Amino acid sequence: MARAVTTQRKTLTTALAWGVGLLIFFPILWTILTSFKTEAQAIANPPIFLNFDWTLENYAIVQERSDYMRFLWNSVILAGGSTLLGIIIAVPAAWSMAFVPSKRTKDILLWMLSTKMLPAVGVLYPIYLLFIELGLLDSRAGLVIVLMLINLPIIVWMLYTYFREIPGEILEAARMDGATLKEELLYILTPMAIPGIASTVLLNFILAWNEAFWTLNLTAVDAAPLTAFIASYSSPEGLFFAKLSAASTMAIAPILILGWFSQKQLVRGLTFGAVK
Amino acid sequence: MGRIQLKDVTKSFGDVQVIPPLNLTIEDGEFTVFVGPSGCGKSTLLRLIAGLEDITSGVIEINGEDATDVVPARRGLAMVFQSYALYPHMSVRKNIAFPLRMAKMGQDEIDKRVTAAAEVLNLTDYLDRRPGQLSGGQRQRVAIGRAIVREPAAFLFDEPLSNLDAALRVGMRMEISELHKKLDTTMIYVTHDQVEAMTMADKIVVLQAGNIEQVGSPLELYQRPRNTFVAGFIGSPKMNLISGAEAAKYDAATIGIRPEHIDLSETEGPWKGVVGVSEHLGSDTFFHIQCDFSDEPLTVRASGELTLEYGATVHLTPRAEYLHRFDAEGLRIE
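As they're listed, the protein sequences go chains A and B. Going by my numbering, the letters in the first sequence line up with residues -18 to 257, in that order. Going by my numbering, the letters in the second sequence line up with residues 259 to 592, in that order.
With the rest of the complex left out, here is chain A (with noise of 0.2 Å):
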């Protein structure tokens, strides 16, 4: 009895999470879809689901019209930079909190969570007027380091959990046996925290890809990434659907190629702390 139950039970909590997962899958399928229709059938009322016409007209034609390398460069060097920046400015941080904390450090680590709360269009006119008198405008090296400000709140707050984890018992094994604070950080607290560390990369290399706000802001030409690229295919030409779709399918398609593979990581990584 108590069995007939649970396997009902389990039949419809995995219905359920299908259909959530679906739900929220839908819009990107939507957009790979689209991207294979032509632009009467991208716009057709009722919508065409599966029955047109596949086609890769839109994918030629966004490549002739823009250089999607180009875009595709900047974002992997802007979320790959700033995740890297972060992650070296991290690790000592969080360090500090999990290993050696004051009276302050929940505090602090609250503060900086909560700077995350302010709209970012908030600060944009002070950072945008620091970008111009810095020179900033429109460079790979100011995008970085904008983007690895935004992101590095989580960055701490993820390795800190992680380095929770690991006994303090072991690193005061480390300084007995001689090792300065950075080999101590690099030999023994760095390996063991691996797993977390690279959760941690993946996730924030995601997000930073995926940041529009300051992308968009802040760049033009020379330092835009593929939001930008998305972007330059919702202009006021016309409503192109198929294009847009096919630009979008091409900048989402390496970072969900890269989540697809990384699946394991980036679900231990978010859930940890909270089932263990």
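If you are wondering where the hints come from, they were derived from the structure by calculation, not from laboratory data. What you are looking at is a predicted structure, and each value in this text was computed from that prediction instead of being measured. Just so you know, even glycine gets a beta-carbon here, dropped at the ideal spot from N, CA and C. Among the hints, erroneous ones may be present.
Straight-line distance between alpha carbons at most 27 Å, and here's what the computed DSSO-like set of lysine-lysine pairs gives [claimed, not checked]:
id : chain 1 : residue 1 : chain 2 : residue 2
1  : B       : K362      : A       : K163
2  : A       : K97       : A       : K84
3  : B       : K440      : B       : K461
4  : B       : K461      : B       : K370
5  : B       : K265      : B       : K461
6  : A       : K163      : B       : K352
Far from chain B, some chain A residues (derived; all Cβ distances over 12 Å) [what the hints assert, rightly or not]:
id : residue
7  : K(-9)
8  : L10
9  : L53
10 : L65
11 : A74
12 : V104
13 : P107
14 : L111
15 : G159
16 : A160
17 : Y168
18 : P172
19 : A201
Residues from chain B that keep clear of chain A, each with C-beta distances beyond 10 Å, as calculated [to be verified]:
id : residue
20 : P295
21 : L310
22 : L335
23 : Q340
24 : S341
25 : L344
26 : H347
27 : G394
28 : N421
29 : H438
30 : D521
Starting from the known structure of chain A, arrange chain B on it as the hints suggest.
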């Protein structure tokens, strides 16, 4: 060389003083055990010596040099932790080699020392395994191996055997004592287990609430405990402590007599009591005997063959030469 001196050392956590001013000298080559109930400050004291905690005031000298503000890595001390604290991502070989690598020693010398240490500790077959693949006793030996390769001025052990099962603990106790004889290096060993303290130490430091209650050799502590705390803490089973009218007969506030220093008779003796629980260990039997002058039953050791009925009446005679007397403050009266 490993002479360690603590001069007026104190430690406070916030407003709470866990170590009141404390003076102690540990001679070179000595096996010193810090023993006391949990929370007595013995581990804190060890961590102060290691440098893992900063002292609040006072001076720590190692080999006559002020080490108070020296970082742990530069004190020349090696520590074995309760949890072993092995590096889980390194093989046994790399674990043992780690302190040598940190000392920037040449690879040939490192290999030589690791091989030698592994031989001493029977770890040769396990050098390429990870700590996770070892048993508790083996992990313990790796932790010791990591400590000995450096040839430190002194070894610090923080309750190293408390995670092992009873049989293994006796074996490792012997191994550590053996190691001390072989290396002749200063060792400071923290434990709450007075049996470990008695069996291993050259010198025992009994601590309570951060205070040193007594320092002495195991036999000194056993024969002449300075106060009732040490009297009750050292020795197994515990010394019988009797206060009140019976103690007054001996001109003391409290008298103490060890279970092995009471003679038991069915017919005569100054103390009359009723037999309670008997513990038969084979070699000895411990009887818990309720006397009318004491709230708690007295523990009495008798030969292993002796059997007494529960509830039987017996007579006890404390051996006068082994009777300990303490005043109202709990201090020993000579």
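Hint by hint, here is what the structure shows:
The suggested pairing of B/K362 with A/K163 holds, with an alpha-carbon distance near 15 Å, which does not exceed 27 Å. A hinted pair counts as satisfied when its Cα atoms are at most 27 Å apart, and A/K97 with A/K84 qualifies at roughly 23 Å. Restraint check for B/K440 and B/K461: the C-alpha separation of about 18 Å stays at or below 27 Å, so the hint holds. Between B/K461 and B/K370, the direct Cα distance comes to roughly 34 Å. Violation of the 27 Å bound is thereby established for this hinted pair.
A threshold of 27 Å between alpha carbons decides the hint, and for B/K265 with B/K461 the separation of about 18 Å falls inside it, so the pair holds. Our distance criterion of 27 Å between C-alpha atoms is met by A/K163 and B/K352, whose separation comes to about 18 Å. Against chain B, the non-interface label of A/K(-9) holds: every CB pair exceeds 12 Å, the least being about 33 Å. Listed as a non-interface residue, A/L10 keeps its Cβ farther than 12 Å from every Cβ of chain B; the least gap is roughly 41 Å.
Every beta carbon of chain B lies more than 12 Å from that of A/L53, the smallest distance being close to 35 Å; the non-interface claim holds. Remark: the non-interface label on A/L65 is consistent with the geometry, its nearest Cβ contact in chain B lying 22 Å away (cut-off 12 Å). Consistency note on A/A74: stated as away from chain B, and its beta-carbon is indeed over 12 Å from all of that chain's, at 21 Å minimum. For A/V104, the non-interface assignment is confirmed: its Cβ lies about 39 Å from the closest Cβ of chain B, beyond the 12 Å cut-off.
Every CB of chain B lies more than 12 Å from the CB of A/P107, the least distance being 41 Å, so the non-interface label holds. Taking the minimum C-beta to C-beta distance to chain B, about 40 Å, the non-interface status of A/L111 holds against the 12 Å cut. Taking the minimum C-beta to C-beta distance to chain B, about 4 Å, the non-interface status of A/G159 is violated against the 12 Å cut. Residue placement check: A/A160 does not keep its beta carbon more than 12 Å from all beta carbons of chain B (closest about 5 Å).
At the 12 Å boundary, the C-beta of A/Y168 falls inside the reach of chain B, the nearest C-beta of that chain being 8 Å off. With a cut of 12 Å on Cβ distances, A/P172 falls inside the contact zone with chain B, its closest approach being about 5 Å. The beta carbon of A/A201 sits about 46 Å from the closest Cβ of chain B, which is more than 12 Å, so the claim that it is off the interface holds. Under the 10 Å C-beta cut-off, the non-interface status given to B/P295 relative to chain A holds; the minimum distance is some 22 Å.
A beta-carbon of chain A comes within 10 Å of the beta-carbon of B/L310; the shortest separation is about 5 Å. Annotated as non-interface, B/L335 brings its C-beta within 10 Å of a C-beta of chain A; the closest such distance is 7 Å. A beta-carbon of chain A is positioned within 10 Å of the beta-carbon of B/Q340; the least distance is around 8 Å. With a closest Cβ-Cβ approach of about 5 Å to chain A, B/S341 is found to fall inside the 10 Å limit, against its non-interface label.
Listed as outside the interface, B/L344 is inconsistent with that label: its C-beta sits roughly 8 Å from the nearest C-beta of chain A, within the 10 Å cut-off. Distance check on B/H347: its Cβ comes as close as 5 Å (rounded) to a Cβ of chain A, failing to clear the 10 Å threshold; non-interface status is violated. Even its closest Cβ contact with chain A, about 16 Å, leaves B/G394 beyond 10 Å, as expected for a residue assigned away from the interface. For B/N421, the shortest C-beta to C-beta distance to chain A comes to about 12 Å, beyond the 10 Å cut-off, and the non-interface label holds.
No Cβ of chain A approaches the Cβ of B/H438 within 10 Å, the least distance being about 19 Å, so the stated non-interface status holds. With 10 Å as the threshold on Cβ separation, the claim that B/D521 sits away from chain A holds: the shortest Cβ distance comes to roughly 49 Å.
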